[in-house]
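Starting from the known structure of chain A, arrange chain B on it as the hints suggest.
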Amino acid sequence: MPDTAAPLLRARGVTRRFGGLAAVSEVSLDLAEGEIHAVIGTNGAGKSTLINVLAGEIAITGGSVELLGIDVTHWPQPKRAQAGLGRSYQRTTIFPRFSVFENCRLAAQATHQVPWNWWTAAADCPISTTLAREALYRTGLAGLADRTAGLLSHGEKRQLEIAMCVATRPRVLLLDEPLAGMGAAETERMLDLLSGLKSGHAILLVEHDMDAVFRVSDRITVMVNGAVIASDVPAAVRADAEVQLAYLGEVHV
Amino acid sequence: MMTIARRFAIPLAVVVLLLAFPLATTGFYLEFTSKVMILAIFALSLELLVGATGLVSLGHAAYYGIAAYATVLLSPKFGAASAFWLLPATVACSALYALLVGALSLRTRGVYFIMVTLAFAQMAYYVFHDTKLGGGTDGIYLNFKPEVVLFGTKLFDPGKPVALYYVVLVSLVLVFLFLAVLLKSRFGRVLAGIKSNEQRMRAAGFATFPYKLAAFTLAGALAGLAGFLVAVKDGFVNPEMLSWHESGAVLLMLILGGMGRLSGAVLGAFAFALLQLFFQWEVVFGNFAKHWLLMFGGTIILCVAFMPNGLIGLPAQWRARRARKTMEEARA
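Sequence lines, in order, name chains A and B.
By the numbering used here, the letter at position 72 of the first sequence is numbered 72, and the numbering carries on one by one without gaps.
By the numbering used here, the letter at position 100 of the second sequence is numbered 100, and the numbering carries on one by one without gaps.
If we strip away everything but chain A, and leave its shape as in the complex, we get:
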């Protein structure tokens, strides 16, 4: 078990309603450094909405979000990102026409924006280029730095998506189905990458691939209809009768 130091992200009673529908209802969870915290649930359980609310992409209806001990409940997304919250999307959101390096460099530039300096070429900016190189190295993409991002394979694009998050030097990573559409070999590579990212980061992982989730996660939260029905270490979640009934079904009995 990871230590019980103050969590990097603390969500309390997070609720998001769309009209009469509570897509996310009273969700509380902590993300600690060095830990992969998976959120699983059927389609429509509210996992992506939860990520969107935590990231500040959609407004919260109720509850609170604390990032590194600061209340960020009503902060807009860019401000949260600057404070150390990175996220990836289910649908890859890279810049297809830029090089792999420039994708990361531009993302890294967010940590140190100097918009009024119009005369220095961005490529000469030491901070963002260093951060980008580090991120590419850390995510195993250093060899592809000069490739055009749009021409990468699906798995490499997903890796780049993570690399762009890492380039902004976040403390908390919210990853929305990083394994979606990946082959077996690509999945292995991504799982290694995620395990490697545990040090220094708190990771929230939304994922449908149950084998992968139970392998890499330190903690699993199960959502049904927007609410949490269980949250524990993988072995305990697997044994939970309610979870088996609601989600895992007969497969894991």
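Simulated from the structure, these hints should not be mistaken for lab results.
Note that this is a predicted model, so its numbers are computed, not measured.
Each hint should be verified, as a subset may be incorrect.
[As the list claims (entries may be wrong)] Calculated cross-link-like contacts (lysine-lysine; reagent style DSS-like; alpha-carbon spacing at most 25 Å):
| no. | chain 1 | residue 1 | chain 2 | residue 2 |
| --- | --- | --- | --- | --- |
| 1 | A | K157 | B | K195 |
| 2 | B | K132 | B | K195 |
| 3 | B | K195 | B | K77 |
| 4 | B | K145 | B | K132 |
| 5 | A | K79 | B | K195 |
Showing chain B alone in chain A's frame:
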């Protein structure tokens, strides 16, 4: 080194040609080229929005026209104004209006953004069209062209076509270089990122609205520079300068020349004006020249259909076609 030489060879040749042009001609063609270079500045200013940031504005003529009107309205009735304060003042007028319009319109996206920018341009148009302020439909004349006097000596006389030609040429080169450097800077890269994927930019930590607003205001200011130059050149302004025809025309220049490249905007302005001139040529088209708009419009449609990346994209388009052909031949 070779690639650098090749990259700068064509623009340099164009600048040298334009520098030498007044030696070869005077009168109509000189004035025509001045006008086209002003339009190129105008097109470049819109390129910053459409090509660089992905913001399609259909009201860009407003900033062009407002500066032109400001040039006339701010000039004293009796005597010449100094260009040293008149130019910043007129550009500031355009920039201010752009700041206001941008602050409101940039909250919308896509078609809504196009319509809101158009609406604000039409508002400005009707202010000058329907009030005494701008002389109504007839427009107003600039009685005295601004003078460029430094420490008591007249540097040059903007009233002289050749002097104005060089002022316009220098302005065009400076605007081009400024934008080229700007687009490579961190600010420019953020705009490119916003064009490519604004959601990702926000997720990375960029508050995109201020960036877009800065680009919008800057584009308005540069359009204002073009408006100032055209008012000084023609000595006359009318409301049509702010009309949606003008906004559409400058957008067509970008489409014709090719978006996403600064040289595309300049090329587009020249191609647009030359096509217009060509189809009005009675020697070639006789009486039919009266219907030049028909031929002009048809040509533009053909250009858009057959050159998806505009004139500037033609070499790449040909290269791709040739590569495809050789591949097919190799397979056969």
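We went through each hint and held it up to the structure:
1. Between K157 (chain A) and K195 (chain B) the CA atoms are separated by roughly 19 Å; this keeps the pair inside 25 Å, and the hint holds.
2. Note on K132 (chain B) and K195 (chain B): the hinted pairing is violated, with a Cα-Cα distance of about 41 Å set against a maximum of 25 Å.
3. For the proposed pair K195 (chain B) and K77 (chain B), the alpha carbon gap of about 45 Å is over 25 Å, so the pair is violated.
4. For a cut-off of 25 Å, the pair hint linking K145 (chain B) to K132 (chain B) stands: about 22 Å separates their Cα positions.
5. Between K79 (chain A) and K195 (chain B) the alpha-carbon distance is near 20 Å, which keeps this suggested pair within the 25 Å criterion.
This entry does not satisfy hints 2 and 3, going by the numbered hints stated previously.
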